[in-house]
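Chain by chain, the residues:
Protein chains: 2
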Amino acid sequence: VTRAPRAALIATGDELVGGAFVDTNSGALARRLAQCGWETTRCIVLGDDEDLLTATLRELAPAHDAVVITGGLGPTLDDVTRHAAARAAGVELALDARVLAELQALFATRQRPFPPSNERQALFPAGAEVLANPQGTAPGFALTLGACLVCALPGPPREMLPMLERELVPRLARHRPPSSGLAQRALYLVGLPEGVFAEQCGAAMRRDANPLVGVTAKNSVLSVSVRARAASVPEAEALAERHADELARRFHAHVYSRDEPDLAQVLGRELLARRIAVTCAESCTGGLLAARLTQVAGISAVFERSFVTYADRAKTEELGVDPALLARHGAVSAEVAAALALGAARRAGARLALSITGIAGPAGATADKPVGLVWLGRAFDGAVVTEQRRFLALGRDLVREFAVTAALDLGLRALVPRPH
Amino acid sequence: VTRAPRAALIATGDELVGGAFVDTNSGALARRLAQCGWETTRCIVLGDDEDLLTATLRELAPAHDAVVITGGLGPTLDDVTRHAAARAAGVELALDARVLAELQALFATRQRPFPPSNERQALFPAGAEVLANPQGTAPGFALTLGACLVCALPGPPREMLPMLERELVPRLARHRPPSSGLAQRALYLVGLPEGVFAEQCGAAMRRDANPLVGVTAKNSVLSVSVRARAASVPEAEALAERHADELARRFHAHVYSRDEPDLAQVLGRELLARRIAVTCAESCTGGLLAARLTQVAGISAVFERSFVTYADRAKTEELGVDPALLARHGAVSAEVAAALALGAARRAGARLALSITGIAGPAGATADKPVGLVWLGRAFDGAVVTEQRRFLALGRDLVREFAVTAALDLGLRALVPRPH
Chain A
102 VTRAPRAALI ATGDELVGGA FVDTNSGALA RRLAQCGWET TRCIVLGDDE
152 DLLTATLREL APAHDAVVIT GGLGPTLDDV TRHAAARAAG VELALDARVL
202 AELQALFATR QRPFPPSNER QALFPAGAEV LANPQGTAPG FALTLGACLV
252 CALPGPPREM LPMLERELVP RLARHRPPSS GLAQRALYLV GLPEGVFAEQ
302 CGAAMRRDAN PLVGVTAKNS VLSVSVRARA ASVPEAEALA ERHADELARR
352 FHAHVYSRDE PDLAQVLGRE LLARRIAVTC AESCTGGLLA ARLTQVAGIS
402 AVFERSFVTY ADRAKTEELG VDPALLARHG AVSAEVAAAL ALGAARRAGA
452 RLALSITGIA GPAGATADKP VGLVWLGRAF DGAVVTEQRR FLALGRDLVR
502 EFAVTAALDL GLRALVPRPH
Chain B
102 VTRAPRAALI ATGDELVGGA FVDTNSGALA RRLAQCGWET TRCIVLGDDE
152 DLLTATLREL APAHDAVVIT GGLGPTLDDV TRHAAARAAG VELALDARVL
202 AELQALFATR QRPFPPSNER QALFPAGAEV LANPQGTAPG FALTLGACLV
252 CALPGPPREM LPMLERELVP RLARHRPPSS GLAQRALYLV GLPEGVFAEQ
302 CGAAMRRDAN PLVGVTAKNS VLSVSVRARA ASVPEAEALA ERHADELARR
352 FHAHVYSRDE PDLAQVLGRE LLARRIAVTC AESCTGGLLA ARLTQVAGIS
402 AVFERSFVTY ADRAKTEELG VDPALLARHG AVSAEVAAAL ALGAARRAGA
452 RLALSITGIA GPAGATADKP VGLVWLGRAF DGAVVTEQRR FLALGRDLVR
502 EFAVTAALDL GLRALVPRPH
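Taken in sequence, the protein lines are chains A and B.
Be aware that the first sequence starts at 102, since it is given in the numbering used here, and climbs by one per residue.
Be aware that the second sequence starts at 102, since it is given in the numbering used here, and climbs by one per residue.
One should not assume that every hint holds.
Unchecked claim - Covered stretches of chain A (chain B as the covering partner; in silico rule of three or more C-beta atoms under 8 Å from a C-beta of chain B):
no.	stretch
1	170–181
2	367–373
3	387–397
It should be emphasised that the hints constitute simulated quantities derived from the structure, not laboratory data.
All residues carry an ideal CB built from backbone N, CA and C; glycine is no exception.
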């Protein structure tokens with residue numbers, strides 16, 4: 102019987118366990134591991150506590166094929182990963198002369214004195230393999246605890262991510278147990294309640310189903326995973342692919358991508374592929390929609406400018422919205438959403454313009470316009486569409502996020518119609 | 102000897118352990134628990150695995166005063182928290198008739214049929230206390246495993262966060278062991294490298310120091326924590342406060358806040374308090390700066406409009422930047438940053454205008470202007486300041502984030518000067 106290789110992830114740092122910062126490394130690792138056919142059983146965030154990290158490593162190693170630790174490789178005294186790994190393995194720490202020389206050379210290049218504390222970064226558990234870190238001063242290391250591969254990588258994502266590709270992925274490929282097959286596919290849906298999706302999937306969401314369907318809602322997007330197990334990776338791949346195809350057919354009115362979770366990237370790709378100039382007119386989202394679109398690398402080929410018209414006067418002065426329209430219907434109305442989109446398209450000379458006007462809260466609600474009421478507008482080659490959304494009881498940040506998602510979807514549907 | 106009450110956090114969900122989504126609940130819980138004098142020893146993310154959750158609860162309970170679980174309370178089959186908690190406690194699940202009636206009434210109000218699967222949400226471990234969830238259909242519950250308080254809360258943050266305040270915090274206060282004192286203070290710094298800070302703090306960052314100083318860098322902001330232990334909470338509070346005061350004096354040129362990590366909120370507060378109208382002119386950040394400012398509730402009192410001028414032509418047409426200036430110095434230059442700020446201030450009629458023009462990459466670099474080069478501009482009551490930043494080797498998203506942080510700081514320094 103088949104078993105996927107199992108990994109556990111540990112992220113260390115007082116600032117993580119204390120909630121000052123969010124651990125994004127474990128998510129990045131788990132996604133990449135899944136692509137390699139590995140199953141992540143758990144992600145553990147620990148403070149900078151040598152005893153606890155040592156005990157956790159000893160406990161996880163026997164039940165996992167690999168344990169990946171991020172963080173705790175810095176030069177300061179609260180960086181304890183090296184010491185904990187050595188203790189868990191029952192070995193001493195040894196100074197690596199080559200790493201020390203490299204560190205000293207790096208500081209010399211930067212014309213900075215070499216702080217004695219940085220010598221710590223040349224210490225490794227005896228017998229461990231050093232993993233080069235071209236982006237920083239903290240090399241990682243790899244060793245085995247029994248049959249378990251333990252890899253330690255630095256905490257900063259811009260150092261960790263290249264090492265994940267260059268150092269970890271090849272070692273995982275060599276370390277995986279024979280004849281295990283796990284594969285995963287994804288679908289991304291918009292405009293469908295999670296409960297409706299789950300109801301229609303039924304037994305495929307039971308824990309023991311194969312393929313197993315999972316779903317999570319975030320900012321009104323559903324991320325659906327299809328995970329398949331089989332005797333080999335190719336068989337698992339085929340099984341996952343077949344089931345994902347079937348789901349894509351069944352939910353075709355809502356599936357906006359099968360590879361890219363970010364709706365802005367999906368819309369950006371389409372705009373770039375067809376060279377369609379785009380602009381935005383934003384009220385309650387205050388630039389968030391434009392910020393999402395300009396996250397897309399190369400978007401400058403189709404994105405020239407955008408408008409944040411928060412106040413009524415700005416809507417009139419910047420985008421020519423008739424003050425009478427504002428007085429009659431209010432800023433949060435289909436009429437003003439349409440006028441904003443048309444005004445932005447005209448002013449920017451863009452074929453596609455998206456507008457958002459809504460009440461993000463906490464203030465601003467009226468008797469007939471609650472917090473969460475949003476009107477979206479789209480002008481595409483002169484044709485205007487408006488849509489209303491009611492994002493009730495969500496709070497300011499979420500109303501803005503939901504509104505941006507809805508506007509991106511409204512834009513995408515102009516280019517890639519999805520029959521309802 | 103004093104001991105802070107210890108909590109462990111568990112977040113459940115295949116989408117979390119698989120890396121599709123980031124667990125933000127544990128961070129919010131850990132921050133709130135720290136304010137209540139509790140120490141969080143670890144945050145564990147698990148898949149929807151009843152056996153593993155049961156085993157983890159059994160393992161954590163004896164070593165902790167409380168375990169808080171988020172997620173796994175939904176109506177679907179992969180929601181296993183109720184079952185795992187019952188097994189760990191060695192009790193059966195029991196249907197709560199009152200909760201069931203409330204659920205059925207809720208669906209009736211929404212004029213939707215009651216799905217049989219939702220009956221699952223009225224099941225609780227026998228003897229558990231039901232915790233009301235006014236924001237959703239999933240109530241939480243509380244029970245004790247030996248001396249350990251176990252609380253289960255729903256996963257969606259907008260449901261979890263109100264229950265954290267209303268249900269969890271009072272129970273933790275009742276459950277804390279006597280005579281333990283832990284207190285925490287924070288400082289937020291900008292414009293100082295982490296290594297320099299750490300070097301100057303020295304022994305206060307050793308794990309056994311009291312007070313203990315911790316530091317983390319994110320988007321060029323340093324979050325510094327000061328944690329103190331003492332025989333009682335008031336004594337710990339006093340000790341933490343004294344040490345935080347001392348750090349604030351020593352690093353006064355960099356400390357922008359002692360209570361609010363978000364630089365945009367700090368700037369927003371100042372603008373609102375003094376009724377100073379603000380606007381932005383953004384090139385490479387594409388609306389991100391305006392989006393951050395408009396995240397501040399009530400900002401409409403001082404924020405009327407903002408400009409995303411991505412293309413050179415837009416800079417000229419929208420904000421009157423002289424094409425000759427663009428030709429001579431390039432869009433990424435002190436001269437254009439200044440012209441953007443002045444143009445935006447004039448056009449918006451704002452006392453303060455912040456501008457950003459830079460090369461976010463991956464494309465756009467020239468021989469003398471690398472990816473990561475950013476010019477910032479500030480016009481305040483007509484006086485213009487420009488600053489250059491070189492955010493090298495960071496990647497598009499981080500260059501944009503760093504640039505926004507630097508621009509917010511440039512704005513804040515106009516209102517609250519910090520001597521260097």
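The hints, checked one at a time:
{"no.": "1", "hint": "170–181", "result": "holds (count 5)"}
{"no.": "2", "hint": "367–373", "result": "violated (count 0)"}
{"no.": "3", "hint": "387–397", "result": "holds (count 9)"}
Against the hints set out earlier in the document, a violation occurs for number 2 only.
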